[in-house]
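Enquirer: This is what each chain is made of:
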Amino acid sequence: MTAIPRLIRLPRAMPRMPILVSVAAIWLLAMIIIAFGSDILRPYDITQMDLSARLSAPGTAGHWLGTDELGRDVLSRLLQSIRVSLLIAFGATILSAVFGTTLGFLAAQFRGGVEHTILVLADFQAALPFLILALAVLAFFGSSMTLLVCLMGFYGWERYARIARGLAISAGAQGYASAVVQLGARPSRVYLRHILPNVASTLIVSMTLTFPEVILMESGLSFLGLGVQPPESSLGNMVGFGRDYLTRAPWIMLAPAFVIMLTTLAISLCGDWLRDRLDPTLR
Amino acid sequence: MMLLEAHGLVRTYLTRKSMFTPPEAVRAVDGVDLVLAPGEALGLVGESGSGKSTLGRMLLGIDPPDAGEIRFNGAPMPALGTASWRKLRAQMQMVFQDPLAALDRRLPIAEQIAEPLAIHGIGTASERNDRARSLMAQVGLRVDQAGRFPHELSGGQRQRVVIARALATSPRLLVCDEPVSALDVSIQAQVVNLLRDLQDRHGIAMVFISHDLKVVRNICDRVAVMYLGRIVEEASSDDIFSSPRHPYTRALAASVPIPGARLDPSTLLQGEPPNPARRPEGCAFHPRCTLMRPGCAGAVPRLLPTTPTRRSACPVVAA
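If you're matching them up, the sequences are chains A and B in order. Numbering of the first sequence is given in our numbering, commencing with residue 1 and proceeding in unit increments. Numbering of the second sequence is given in our numbering, commencing with residue 1001 and proceeding in unit increments.
Keep in mind that a hint or two might mislead.
As the list claims (entries may be wrong) - Quick list of simulated restraints, FRET-style, between CB atoms:
| no. | chain 1 | residue 1 | chain 2 | residue 2 | range |
| --- | --- | --- | --- | --- | --- |
| 1 | B | A1083 | A | G142 | 32 to 40 Å |
| 2 | B | S1126 | A | L135 | 58 to 66 Å |
| 3 | A | T117 | B | D1184 | 43 to 51 Å |
| 4 | A | G142 | B | T1021 | 51 to 59 Å |
| 5 | B | T1021 | A | G112 | 20 to 28 Å |
| 6 | B | S1186 | A | P187 | 37 to 45 Å |
| 7 | B | D1184 | A | D276 | 29 to 37 Å |
| 8 | B | T1021 | A | A127 | 49 to 57 Å |
| 9 | B | D1184 | A | V23 | 54 to 62 Å |
| 10 | B | H1211 | A | I94 | 33 to 41 Å |
| 11 | A | I94 | B | E1069 | 44 to 52 Å |
| 12 | B | H1211 | A | P187 | 40 to 48 Å |
Read the hints as simulated data drawn from the structure, not as lab findings. It should be emphasised that the depicted structure is a prediction, and the values quoted were computed from it without experimental measurement. Just so you know, even glycine gets a beta-carbon here, dropped at the ideal spot from N, CA and C.
One chain only, chain A, in its complex shape (with noise of 0.2 Å):
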């Protein structure tokens, strides 16, 4: 009788996702198919205007979440809007991770003098006002989608940079880092097979408080004047037009601010989840 249940065991790696989980990343998943593929899903181009239907409330024929100040399709919008800052978010939250990631591996490999160097580096970032730093850039280079990226990439990463550099010191004082370069290995086999599987965990933690940062520093950006460039339109640029009319119009804001804050929650969901599938010990 007890041995039936073991002979229908699952495989090991055969994941259950608790339902909030699953809602999570069906959302997610919805947001990455409207970022592939927006240009066929929205109904209107996100600058055709329709002045004799200006400011419809939502549930409209025609506009199912309303149309803004120009008469513009809120829904159209959205969904570019979509795309635009989940590019710039992701591509930012990756590109700060390995960045800051690698600096802080070379910190714990060579210590002294290159350490110290990075070390002062992440202080230097930390202390540093973001904002005004990116609005000098963009001021003098002109905004563009490859500098606001790059920009946003170098926002975060000396978090990185300083957990990756304390896990690994630790990891090599004491433990399986240190018996691996004992049994031979190179450095480069030490970080990425051993280290970096062992400190991906908290790494993708630091990456899920990353990106909803990422978007709300977007957001101010644009807002000012110096992100995404109107026609172009982004989440946090639909946020900061659509708070003049906050009164009259809210769907217009709320619409957007709704989508920043269900794909942030949604990716603390996976990301925790996913840390927690990858820890075996936590099986």
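Using the hints provided, position chain B relative to the given structure of chain A.
Expert: Coordinates of chain B only, in the frame set by chain A:
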């Protein structure tokens, strides 16, 4: 030819009590000479802080010595982290005190056992896999445990994994740093027997670091006793426990409890070992020594042969 020769090894650590005090030099290992023949098992014993672990790491070239020289197989030890240093790792391996810390908790154990082979580019993937399985059988792990993760095993099984990994490249030297002190007593015996068997079967030279004298006596041919970074006595393991000469060795040997008998308080060590940063003048052991003479605080006694098989660093008992 000797497998391992060490001459005048010194390792100094700088410690700082607070930000404003100048750093103090702590000589963790202070002028150690050692030789190890192929296939020989040498025990290193001593209290905590006597420098035995540091010495073990230096013998492997993991901790570079501040002075002195190590020769492995007649050739000097290459510098830490160089390609030739890494290549030499296939011939010398370490067994750690805490097997859970020494294993990567995200990799299945068979993969970790085969890892030295992958690092040194030995064999194809399937050959490495076969070798990992045969090593698991050798150290007494079941082959069906190959896909397990370290945290799913018991302490003794983890230590078997560490030993199997250390044996993967068929090394000529194994340094075991307190390999059983983190294990239950019942499992200690199994692991000690395993190490003995492996040593008999493969003829691996072994440096066995421990503070457990019974274990050392069981496993080692020769024993070196360390006190504050120096070897104070060295002899065959039978001699050192049956007729210890140096007063520190005597105290250590007398501290092994015998069932039913009360330990003689006059032979027991009193107090703690002194702070290595403030080594006592002369013989470092003299403040705790029962045989202390006025001359003991003068010159540092040298480790001199007293009989053909014994070296001792106490002029009082040598005389």
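Enquirer: Give a verdict on every hint.
Expert: Each hint tested on the structure:
1. B:A1083 <-> A:G142: 32 to 40 Å: Once the Cβ atoms are compared, 49 Å apart, the range 32 to 40 Å for G142 (chain A) and A1083 (chain B) is violated.
2. B:S1126 <-> A:L135: 58 to 66 Å: The hinted range 58 to 66 Å holds for S1126 (chain B) and L135 (chain A), with Cβ atoms some 59 Å apart.
3. A:T117 <-> B:D1184: 43 to 51 Å: Given about 48 Å between the Cβ atoms, the range holds.
4. A:G142 <-> B:T1021: 51 to 59 Å: holds (55 Å)
5. B:T1021 <-> A:G112: 20 to 28 Å: 23 Å Cβ-Cβ, so the 20 to 28 Å window holds.
6. B:S1186 <-> A:P187: 37 to 45 Å: holds (40 Å)
7. B:D1184 <-> A:D276: 29 to 37 Å: Given a distance of about 31 Å, which is inside 29 to 37 Å, the answer is holds.
8. B:T1021 <-> A:A127: 49 to 57 Å: violated (30 Å)
9. B:D1184 <-> A:V23: 54 to 62 Å: About 47 Å separates the Cβ atoms of D1184 (chain B) and V23 (chain A), which means 54 to 62 Å is violated.
10. B:H1211 <-> A:I94: 33 to 41 Å: violated (50 Å)
11. A:I94 <-> B:E1069: 44 to 52 Å: At 49 Å between Cβs, range holds.
12. B:H1211 <-> A:P187: 40 to 48 Å: violated (34 Å)
Comparing the model with each earlier hint shows violations of hints 1, 8, 9, 10 and 12; every other hint is respected.
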